[in-house]
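Number of protein chains: 2
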Amino acid sequence: MRTELDLLRREMAEEGIDAYLIVSDDDHASEYVGEYYKCRAFVSGFDGSAGTLVVLREEAGLWTDGRYFIQAEQQLAGSGITLYRSGENGVPAIEEFLASKLSEGMTLGFDGTTVSMALWRRIVRKLSDRQISFRTTVDLCDRIWQSRPALPAHPAWVLEERYAGESSRQKLKRVRESLRQERADYLLVTALDEIAWLLNIRGDDIAYSPVVLSFFLLGQEEAFWYVQPEAVTPQVKETVIGLGIECRPYREIYKRLAGLPAGTSIRLDDSATNVTLYQAIPRGVEKKKGSTPIQLMKAVKNEVEQENMRKAHYQDGIALTRLIYWLKQQPDKKMLTELDVCRKLEEYRREGEHYLGQSFAPIAACGAHGAIVHYEPDEKSSIPLDNEGFLLLDTGGHYLEGTTDVTRTITLGPLTQEQRHHYTAVLKGNLNLGAAVFKYGCTGVNLDYLARAALWDEGLDYNHGTGHGVGYLLNVHEEPNAIRFRERGGSGSVLEEGMITSNEPGLYLEGRYGIRLENLILCRKRQENEYGTFLEFETLTLVPFDMEAVLWDELSPREQSLLTAYQQRVYDALKDGLPQEAAEWLRGQILQ
Amino acid sequence: MRTELDLLRREMAEEGIDAYLIVSDDDHASEYVGEYYKCRAFVSGFDGSAGTLVVLREEAGLWTDGRYFIQAEQQLAGSGITLYRSGENGVPAIEEFLASKLSEGMTLGFDGTTVSMALWRRIVRKLSDRQISFRTTVDLCDRIWQSRPALPAHPAWVLEERYAGESSRQKLKRVRESLRQERADYLLVTALDEIAWLLNIRGDDIAYSPVVLSFFLLGQEEAFWYVQPEAVTPQVKETVIGLGIECRPYREIYKRLAGLPAGTSIRLDDSATNVTLYQAIPRGVEKKKGSTPIQLMKAVKNEVEQENMRKAHYQDGIALTRLIYWLKQQPDKKMLTELDVCRKLEEYRREGEHYLGQSFAPIAACGAHGAIVHYEPDEKSSIPLDNEGFLLLDTGGHYLEGTTDVTRTITLGPLTQEQRHHYTAVLKGNLNLGAAVFKYGCTGVNLDYLARAALWDEGLDYNHGTGHGVGYLLNVHEEPNAIRFRERGGSGSVLEEGMITSNEPGLYLEGRYGIRLENLILCRKRQENEYGTFLEFETLTLVPFDMEAVLWDELSPREQSLLTAYQQRVYDALKDGLPQEAAEWLRGQILQ
Numbered sequence: 001m002r003t004e005l006d007l008l009r010r011e012m013a014e015e016g017i018d019a020y021l022i023v024s025d026d027d028h029a030s031e032y033v034g035e036y037y038k039c040r041a042f043v044s045g046f047d048g049s050a051g052t053l054v055v056l057r058e059e060a061g062l063w064t065d066g067r068y069f070i071q072a073e074q075q076l077a078g079s080g081i082t083l084y085r086s087g088e089n090g091v092p093a094i095e096e097f098l099a100s101k102l103s104e105g106m107t108l109g110f111d112g113t114t115v116s117m118a119l120w121r122r123i124v125r126k127l128s129d130r131q132i133s134f135r136t137t138v139d140l141c142d143r144i145w146q147s148r149p150a151l152p153a154h155p156a157w158v159l160e161e162r163y164a165g166e167s168s169r170q171k172l173k174r175v176r177e178s179l180r181q182e183r184a185d186y187l188l189v190t191a192l193d194e195i196a197w198l199l200n201i202r203g204d205d206i207a208y209s210p211v212v213l214s215f216f217l218l219g220q221e222e223a224f225w226y227v228q229p230e231a232v233t234p235q236v237k238e239t240v241i242g243l244g245i246e247c248r249p250y251r252e253i254y255k256r257l258a259g260l261p262a263g264t265s266i267r268l269d270d271s272a273t274n275v276t277l278y279q280a281i282p283r284g285v286e287k288k289k290g291s292t293p294i295q296l297m298k299a300v301k302n303e304v305e306q307e308n309m310r311k312a313h314y315q316d317g318i319a320l321t322r323l324i325y326w327l328k329q330q331p332d333k334k335m336l337t338e339l340d341v342c343r344k345l346e347e348y349r350r351e352g353e354h355y356l357g358q359s360f361a362p363i364a365a366c367g368a369h370g371a372i373v374h375y376e377p378d379e380k381s382s383i384p385l386d387n388e389g390f391l392l393l394d395t396g397g398h399y400l401e402g403t404t405d406v407t408r409t410i411t412l413g414p415l416t417q418e419q420r421h422h423y424t425a426v427l428k429g430n431l432n433l434g435a436a437v438f439k440y441g442c443t444g445v446n447l448d449y450l451a452r453a454a455l456w457d458e459g460l461d462y463n464h465g466t467g468h469g470v471g472y473l474l475n476v477h478e479e480p481n482a483i484r485f486r487e488r489g490g491s492g493s494v495l496e497e498g499m500i501t502s503n504e505p506g507l508y509l510e511g512r513y514g515i516r517l518e519n520l521i522l523c524r525k526r527q528e529n530e531y532g533t534f535l536e537f538e539t540l541t542l543v544p545f546d547m548e549a550v551l552w553d554e555l556s557p558r559e560q561s562l563l564t565a566y567q568q569r570v571y572d573a574l575k576d577g578l579p580q581e582a583a584e585w586l587r588g589q590i591l592q
Numbered sequence: 001m002r003t004e005l006d007l008l009r010r011e012m013a014e015e016g017i018d019a020y021l022i023v024s025d026d027d028h029a030s031e032y033v034g035e036y037y038k039c040r041a042f043v044s045g046f047d048g049s050a051g052t053l054v055v056l057r058e059e060a061g062l063w064t065d066g067r068y069f070i071q072a073e074q075q076l077a078g079s080g081i082t083l084y085r086s087g088e089n090g091v092p093a094i095e096e097f098l099a100s101k102l103s104e105g106m107t108l109g110f111d112g113t114t115v116s117m118a119l120w121r122r123i124v125r126k127l128s129d130r131q132i133s134f135r136t137t138v139d140l141c142d143r144i145w146q147s148r149p150a151l152p153a154h155p156a157w158v159l160e161e162r163y164a165g166e167s168s169r170q171k172l173k174r175v176r177e178s179l180r181q182e183r184a185d186y187l188l189v190t191a192l193d194e195i196a197w198l199l200n201i202r203g204d205d206i207a208y209s210p211v212v213l214s215f216f217l218l219g220q221e222e223a224f225w226y227v228q229p230e231a232v233t234p235q236v237k238e239t240v241i242g243l244g245i246e247c248r249p250y251r252e253i254y255k256r257l258a259g260l261p262a263g264t265s266i267r268l269d270d271s272a273t274n275v276t277l278y279q280a281i282p283r284g285v286e287k288k289k290g291s292t293p294i295q296l297m298k299a300v301k302n303e304v305e306q307e308n309m310r311k312a313h314y315q316d317g318i319a320l321t322r323l324i325y326w327l328k329q330q331p332d333k334k335m336l337t338e339l340d341v342c343r344k345l346e347e348y349r350r351e352g353e354h355y356l357g358q359s360f361a362p363i364a365a366c367g368a369h370g371a372i373v374h375y376e377p378d379e380k381s382s383i384p385l386d387n388e389g390f391l392l393l394d395t396g397g398h399y400l401e402g403t404t405d406v407t408r409t410i411t412l413g414p415l416t417q418e419q420r421h422h423y424t425a426v427l428k429g430n431l432n433l434g435a436a437v438f439k440y441g442c443t444g445v446n447l448d449y450l451a452r453a454a455l456w457d458e459g460l461d462y463n464h465g466t467g468h469g470v471g472y473l474l475n476v477h478e479e480p481n482a483i484r485f486r487e488r489g490g491s492g493s494v495l496e497e498g499m500i501t502s503n504e505p506g507l508y509l510e511g512r513y514g515i516r517l518e519n520l521i522l523c524r525k526r527q528e529n530e531y532g533t534f535l536e537f538e539t540l541t542l543v544p545f546d547m548e549a550v551l552w553d554e555l556s557p558r559e560q561s562l563l564t565a566y567q568q569r570v571y572d573a574l575k576d577g578l579p580q581e582a583a584e585w586l587r588g589q590i591l592q
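Chains as they are written, first to last, in my numbering: chain A, 1 to 592; chain B, 1 to 592.
In short, the hints are calculated from the structure, not lab data.
Just so we're clear, the structure is a prediction, and the values are computed from it rather than from any experiment.
Some hints here could point you the wrong way.
Repeated chains share a single entry, so a pair holds when one copy, or any two copies, can fit it.
Claimed, not checked - For lysine to aspartate or glutamate, the following EDC-like pairs were computed, each having C-alpha atoms within a straight-line distance of at most 20 Å: (1) 525 <-> 461; (2) 439 <-> 457; (3) 439 <-> 538; (4) 171 <-> 222; (5) 439 <-> 487; (6) 289 <-> 14; (7) 344 <-> 378; (8) 439 <-> 458.
Construct the entire structure; sequences and hints are all you get.
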């Protein structure tokens, strides 16, 4: 039993709280959060990026998704916390669990600044038929977490227009125009990447996500940025003042919303907004709900961003290809660990121009580690490589020219026929999705089949989405575009010209090995005629596939030519930027 | 200007009605309706199966979908009615049109027994911000349609269990169990095919649809069938009495619903239920909404139905193959008309066992007629065939063993390379969709791409869905299963084992020719393992593709083997049932 759990229960008893909910979010429903917010990891010991803890007086449960089943099982062992595998048959949702455990007169508590309205609505709906009390503004973790880190507060900086491709002035104009059309007086922006995009400002308050912890409130004539003073450097201050934006203290947004005059209206993302913020808005203020207009504007990359992204992928391709070549040259790979590979790659990336850092925690997973979908090596878990089988390497970088996210599965030595067969099946998915031609109006749901067909044909599958949107020097996972086989949470997003999405089929054999092949693909127009507008993808990623792992004869003629064309393209693009031996090796990867 | 329009306007003036709405439905939202219900055709002259007429004092508009644009344009010429092409850019929806035309104090009228709640809700939502009066129970057409046919009223008959595969007693039990689970006191069944399925009774009240005009009200202890006395033959009467069902006069359902006791609850399909029926339910009765439990039960064919369907398709394959062979033997096809082909096919079908009639109005479309998606030849429009190009033949039959729906595009003589190229592209879609292997949870939206990929790749497309559900000796179009590229009206239906769907990609070049290739495909289990349940399709249709139209080299090796396997399968299945010369010709169709 964890001490932290025990301490939490004492606080619960003191406050008369029967169930306490701890989520993974910050005030902004961010995917990654600052250390200050990691209450769930502090109490439960499970430190994956997604998970929700429910603590009752006598039991406790943690919910996480397929990416983290194995990790959570290990980290929760002996904790007194039961693992609930979200989405598996017979596993209750959090709100169903609460409904089965809470009876009349009991109290559910949580820190509402970290709970999204989406989750809160699901819970309220489920518990509405009984008399349950809610304490929505009680942060019990704060009381027991003695060495809780401070709120992150780092200097922000201005992203020049030659990188952003559109001035903040112009973006503010577009967003205000959209507000006018919706007849909304204010727009509340809580998503940190949306604020960063709108202001062309970046920061360093969240690991892997170059954003500034802040809120933004926009009106037609006024604009307020609720931000910690540490972020506002003189350069940043000058920029925002020039845009007519007033800087206010970070937490003041809560009071400001409470003071909005009745009869006005406010546009907000009612799923991602936190409960405390939402409840601060007076009843007389009309809430206009749905994802903000910024979300789609940000997802559609402008011409400058697209061209920059190509440059970022060139830099990234050089680093990755050098890494793969270096690895292939090692006479005994057992002398290297998974972490060594990550460090070497980071070293190569740092040699590239305008590299700012990793876009997420790197995954270098050897052998059976590859089957743990979101395994991240650390000092404890990192193992030596092997002279056979696969290394799965999923990493990404931030450049001034954009964000990358790439996975290659690298042959370390002899492979079995089965391994090569599986690699080839995953590769088929990647090639076929990357070559899709589709009519405007399609969502990722229409195209997901292409990535899975070769696996499904043999009764195989992977337990994650095929693709996620990727930000421009912003979050490596962004909405609304996605490629999935089942729509999640309502309407799918139509794929628009300029959107960048990942293309990452995989296959995971628990205890044996994992394979994933990931490129970023840019949606662009192919032709427009009387039948409609037809779109296609341009693959941005420039890193060779591993020809040692390919069973050439299992590829269709079309797949063979897609593969050859890609390998040739990578070679042509990178050859002059690579050391000569690496370039020669790369030329050898064009054909098997 | 049509006289009927003028007469209708006089009645509108008399009643103080400013806008009058005429839809295509009967009391049951049926796709095909009895002659009695064809008010829209009577007033407008447009007799396609789908269309809505809005008559204002000074103007009138007719809305129809892509299948009928060309036909409607022709039939509305000179009528004084404007054609609105639903779904095209800039074309207002009916409710938007009404909102733009109706102002404060005006009155909208319609016969609520024929208007679905789905349409009504859309209209009310759009007009809710102004003071419009509604007259929902006024049938003006009835006053001006002097020679209006009577309500259809034909004898019903009992479908034996060896055809239905499940007794009505058992079906009633399953439906009642489902009601219990939903805690609903009553189920209102308005869809005619659902009633026919539930009672294992068929009828003849609607062309192409072997159903009985009736309503059904089911409780746990009681059941009422609201039906015209002409339908209830002694055999039918005995059967339903044996099931504990009471027969009541058809229109009495309206009064019966009005008398439901407060505090009870009724399950109903709130989209398809007509406005008058819906409004008859007292306020104190709780309405539990959504498609009825019968819809899904009916769509999932049981083992007996599946096996019977195979037999029906054998009979149908014999008739179609004889027809194609006969046509190919004609020395001068100009001596035949489109209608001649339909008659000949009907003659061959009638030679088959247990053939009951056509499942929809047959389409035999030569040359440019093929580009009119739902062209149906009649005495006026039927043209002679040609000795070149294509004949598009889309027909279907009802057998005691089930319902068929098949389209073949038949080569009448020399083809251009472009025609063969287009035929081959459509064929690719049919073959690839038919060979899909997919994980349980997929909807038709996941698979539609397979049918369109070869066309989209060249910037081509077809303006209709790829597949629709097909009933068992019931409606040739049934919900909920469908294969479309965009979800229509809410949530897509997961493809379940036992569902039968059409697979019908096409291509239409206005003024030139049309191609469509349609098979029915049965969803069945392929394997189940730790990755999930995997499904595949069995193609039920047994009619050869036209090898004269195929460009073999444009098919991938996989497509070539799929085509050869299908042609071989058709030959093996049919050869002993065909006249010898036809069988020999069919053998020649296996390879090109």
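Would you list, in rising numerical order, the hints stated earlier that this structure does not obey? 6
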